[in-house]
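Novice: Each chain, written out:
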Amino acid sequence: MGKNTIDDETIEYVGILAKLELNDEEKEKAKKDMEEMLDYVDKLNELDTDDVLPMSHIFDSENAFREDVVTNGDGCEELLNNAPKVKENMIVVPKTI
Amino acid sequence: MDISTLSAKELGDCLFNKEISVKEVLDYTYKTIEEKDKDINAFVSLCKEEAYERGSVIQEMIDRGERLSPFMGVPIAIKDNMCTKGIKTTCCSKILENFVPNYNATAVEKVLDAGLIVVGKTNMDEFAMGSTNETSFYGPAKNPHDLEHVTGGSSGGSCAAVAAGEVKLALGSDTGGSIRQPSAYCGTVGFKPTYGTVSRYGLIAYASSLDQIGPIAGNVTDTALLLEIISGTDEKDSTSVKRDEYDFSSVLDMDVKGMRIGIPNDYISHGLNDEIKEKINETAEKLKAAGAEVTNFDLGLLDYVVPAYYVIACAEASSNLERFDGVKYGFRADNYEDLHTMYKRSRTKGFGKEVKSRIMLGSFVLSSGYYDAYYLKALKTKALIKKAFDDAFKNYDLILSPVAPSTAPKLGESLSDPIKMYLSDIYTVSVNLCSLPSISVPVGKSKEGLPIGVQFIGDCFGEKNCLRAASMMSNGEA
Chain A
1 MGKNTIDDET IEYVGILAKL ELNDEEKEKA KKDMEEMLDY VDKLNELDTD
51 DVLPMSHIFD SENAFREDVV TNGDGCEELL NNAPKVKENM IVVPKTI
Chain B
1 MDISTLSAKE LGDCLFNKEI SVKEVLDYTY KTIEEKDKDI NAFVSLCKEE
51 AYERGSVIQE MIDRGERLSP FMGVPIAIKD NMCTKGIKTT CCSKILENFV
101 PNYNATAVEK VLDAGLIVVG KTNMDEFAMG STNETSFYGP AKNPHDLEHV
151 TGGSSGGSCA AVAAGEVKLA LGSDTGGSIR QPSAYCGTVG FKPTYGTVSR
201 YGLIAYASSL DQIGPIAGNV TDTALLLEII SGTDEKDSTS VKRDEYDFSS
251 VLDMDVKGMR IGIPNDYISH GLNDEIKEKI NETAEKLKAA GAEVTNFDLG
301 LLDYVVPAYY VIACAEASSN LERFDGVKYG FRADNYEDLH TMYKRSRTKG
351 FGKEVKSRIM LGSFVLSSGY YDAYYLKALK TKALIKKAFD DAFKNYDLIL
401 SPVAPSTAPK LGESLSDPIK MYLSDIYTVS VNLCSLPSIS VPVGKSKEGL
451 PIGVQFIGDC FGEKNCLRAA SMMSNGEA
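These protein sequence lines map, in sequence, to chains A and B.
Note that our numbering numbers the first sequence so that position 75 is 75, with each residue one more than the last.
Note that our numbering numbers the second sequence so that position 256 is 256, with each residue one more than the last.
Honestly, I wouldn't trust all of these hints.
To be verified - Heads up, simulated DSS-like pairs for lysine-lysine below, C-alpha to C-alpha not over 27 Å straight-line:
#1 A:87 <-> B:85
#2 A:29 <-> A:3
#3 B:420 <-> A:32
The set of hints was computed from the structure by calculation and includes no laboratory data.
A quick note: this is a predicted structure, and the numbers were derived from the prediction, not measured.
Sequences are here, hints too, so could you generate the full structure?
Specialist: Take a look at the structure:
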């Protein structure tokens, strides 16, 4: 038995954040998987990192600016070909408001 | 002419000298793929028509005496997470099953500009999430050395295609070992360059701070030449780095005299298979005989690299994969009442198990209340790991290490125990966390007949050191 417990409320919340719809069986499995993974990740707590700054990228980077110029031409048709549902050159989605 | 025994460079020379035509090479390539891929499943799509069309253009240029690169007219396979204009790019996921990009990834554009011919897209773990190629929507690629074993992953198809002789060159991507580990399992050479060396534009993102495209080939020379072709700064990738030099192949004839090479103690004691350990020792002896100083040292932190990696990689993945929502491209579920259920159902039905599990873990570690305890903790651990490597490179030009703890496992044995599978990346993930270059080279086979590889890890921008040692090992000069 690990020490992390993911309750129903948390897994429900994670499902909302992840935009996934899980049935009850999948929820139980996800809870178990996540608990195991967190127990494993908790190993990091053995390290003293109080005086350590978090490091996201290794190389310093600055904002990279460039002129916003169209260079790739009109790809409207190819792009719309990838859309699951199209009507008169527009992508169809369910009613949003 | 027996194409099968030529290197890519030799094939390029034969094409340029008109000892063979581009069409003959393409005929040979597709015939080989047809014969072998039934078993190996390295390719998920072929682009014959485009290849022959491009081939005749390239042939005309060769006939006029033009030479775009050493590999002009040579076929190449591309991992299916790199966008190819007009050619399906699926990431081996149901959610992108029908996606046809209208542009090329920069790395793809560069191989086309160099006159190479893209013959098809290769199998991979879904969204590059896996270490065995078994999470692919199209079924696993199989190891050409033994079809009952996995290729490794996630660039399993690219490595298998090269190992089987279907192509001589391929592109892969490496987020936590995805070029090097399948190269070790399949007996190919695979190079993960310093972060930023190859543009990520058009590479479908898994974990942006760790992803890097790199070459896969049958020998070190071909690998170095292909890296020269694909590397370079790109204004479409703001994390691409302007390097002082890109002439990686210039060091291939240099020896390793005086190079300081370190072997981390914990990398050769930590549950490492005996035969691989033996190969590390043999490699060290060869390097010493060739004049390198090889010593062992303590690098440390090995137990923490995999948990730190998974937290960071899953966090970035959960954000990167948010774009797959069934609106503009990709799979859309049939039944939905409103926009939100459309998102949820499309994603739930479109993504495979491993991908969903990583998205959920990533969402969790980034959520308020857990962000500091997990995500920030992992970033701090990353800083400690980077510091350990910085210290090591004060004393060493290069680190020699195993690529994976074992040879290629049997198919079907890995997915049931995710943490065990994640641990197969224990020797490779630090390289990504620290943006380092590392090359995996084959050094022999196990008693069972499966390939064994070792990796040479350089400091940032130390590609040439990696190549010096790798080329000595593969030339057997010692």
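Novice: Now tell me, hint by hint, if it's right for this structure.
Specialist: So, going through the hints one by one against the coordinates:
no.	hint	verdict
1	A:87 <-> B:85	holds, 24 Å
2	A:29 <-> A:3	holds, 17 Å
3	B:420 <-> A:32	holds, 16 Å
No hint from the list above goes unmet by this structure.
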